[in-house]
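Chemist: Order-wise, the sequence lines are chains S and H. Here the first sequence is numbered in the working numbering, starting from 1 and rising by one per residue. Here the second sequence is numbered in the working numbering, starting from 1001 and rising by one per residue.
Keep in mind that the hints are not guaranteed to be accurate.
[Unchecked claim] Straight line, CA to CA, 30 Å or less: simulated DSS-like cross-link-like pairs of lysine-lysine:
| # | chain 1 | residue 1 | chain 2 | residue 2 |
| --- | --- | --- | --- | --- |
| 1 | S | K185 | H | K1185 |
| 2 | S | K167 | H | K1167 |
| 3 | S | K167 | H | K1185 |
Note that these hints are calculated values from the structure, not bench results.
There are 2 protein chains.
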Amino acid sequence: MPETAPPGNGDQETDQDATASYPTTARTLPARGRARASYDRELVHSVLDEAYVCHLGFVRDGAPVVLPTLFGRVGERLYVHGSTGSRPLREAGTADPGLPVCLTVTHVDGLVLARSAFHHSVNYRSVVVHGTAVTVTDPEERSLALDAIVDQAVPGRSRDSRPADAKELAATAVVRLDLDELSAKVRTGGPNEEPEDLSLPYWAGVVPLARGYGAPVASDDLDPAVPLPHYLASL
Amino acid sequence: MPETAPPGNGDQETDQDATASYPTTARTLPARGRARASYDRELVHSVLDEAYVCHLGFVRDGAPVVLPTLFGRVGERLYVHGSTGSRPLREAGTADPGLPVCLTVTHVDGLVLARSAFHHSVNYRSVVVHGTAVTVTDPEERSLALDAIVDQAVPGRSRDSRPADAKELAATAVVRLDLDELSAKVRTGGPNEEPEDLSLPYWAGVVPLARGYGAPVASDDLDPAVPLPHYLASL
């Protein structure tokens, strides 16, 4: 099995002509908290790339539905996959021009404790993408998307596993959402406080949060001769 | 400052008459993956209580919007708060009977690596709640809700901080979503594999994931005489 390089996200090609910021629209300008909003392309990509689970929202029978799902990014495109039998993926394939969705990614970086209950908060980075999910039919793009979804969680893994066969591909729907209309929101730093609260006898500060990886647990039926791959050892 | 007991979530009172499972409806029965679905009240509560950030979906101008936000649970009710100027909270207050929402909570417990790309997955626990968000106006319920939101992230904290004053309360909108129509979904265990893949030379197994708390960082202006509270030391 050859050593594989991390796949990257195609930035080199896709960003050559890209501007540094995404344009704003009526729905990506927040009604409040504008100081926390950002449209910076590099920031948006970094927030997306650190995640592999997003929350995908769509409308069914007039009501909102929000489901967690894996995703992958390739340049300015996000991909989501699922069974061809799953409802949102079916709807993305039959709706014209596609299924209106909102795809949101959130990292919580810290609990922010202020002297006042009111100023309690969290430090976070989030990206909210609005758009239309369309079914991907091109075999090459589907393959690229499926690899990206695997590599989003474990960079380098797609080249170190058996690719999908014809039957598996036939059972898998892939939808695409372009990074056109979106915003990031970021909060960092310590608590806001009212000046008159500073002398109150309550602890104040931040509890940092981070994703914690445990030691990989091999399957019982794994041949002991198969080593732990480098891309897992470095997590 | 008195030592405070963890607040609990009111289970004792609220669950006395509750059945062990939530009823199913057309939209809480999944189109597929039914084996992973659960309506068990205790499981649903445990998944909700381990989280403090949810993804709240609603419909604006016919399109879905998904935003991350803090929440709290009190018995069979979830609460979300925000500025009275924020759009979804304004809409929950003006729509009749309220704002249709979908509130989703997800924990990712592990990355599941199979020999085949197709069988890659994640271990997770999620809860998807459908319903109508209504604005809470009763002062006592608003106070209970705001405490619950603070305590959801840091159990015991609400009693160890300055409660909101009249001006802060006037700036805060609180909405309620009842736990009536919902489902949980859980995946655990190792990868599914095709029998013919077992001899392939790829690592297979699970990388466990957990929330990682860092050491609390006190604000620069914190009086050094204020000790680290017990509810933070135990995180």
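Chemist: Does each hint hold? Answer for all of them.
Modeler: For each hint, the structure was consulted:
For the hint linking K185(S) to K1185(H), the alpha-carbon distance of about 28 Å falls within 30 Å, and the restraint holds. For the suggested pair K167(S) and K1167(H), the alpha carbons sit about 62 Å apart, so the restraint of at most 30 Å is broken. Distance hint between K167(S) and K1185(H) is fulfilled; the C-alpha atoms sit about 26 Å from each other, no more than 30 Å.
In the structure shown, a violation is registered for the earlier hint numbered 2 alone.
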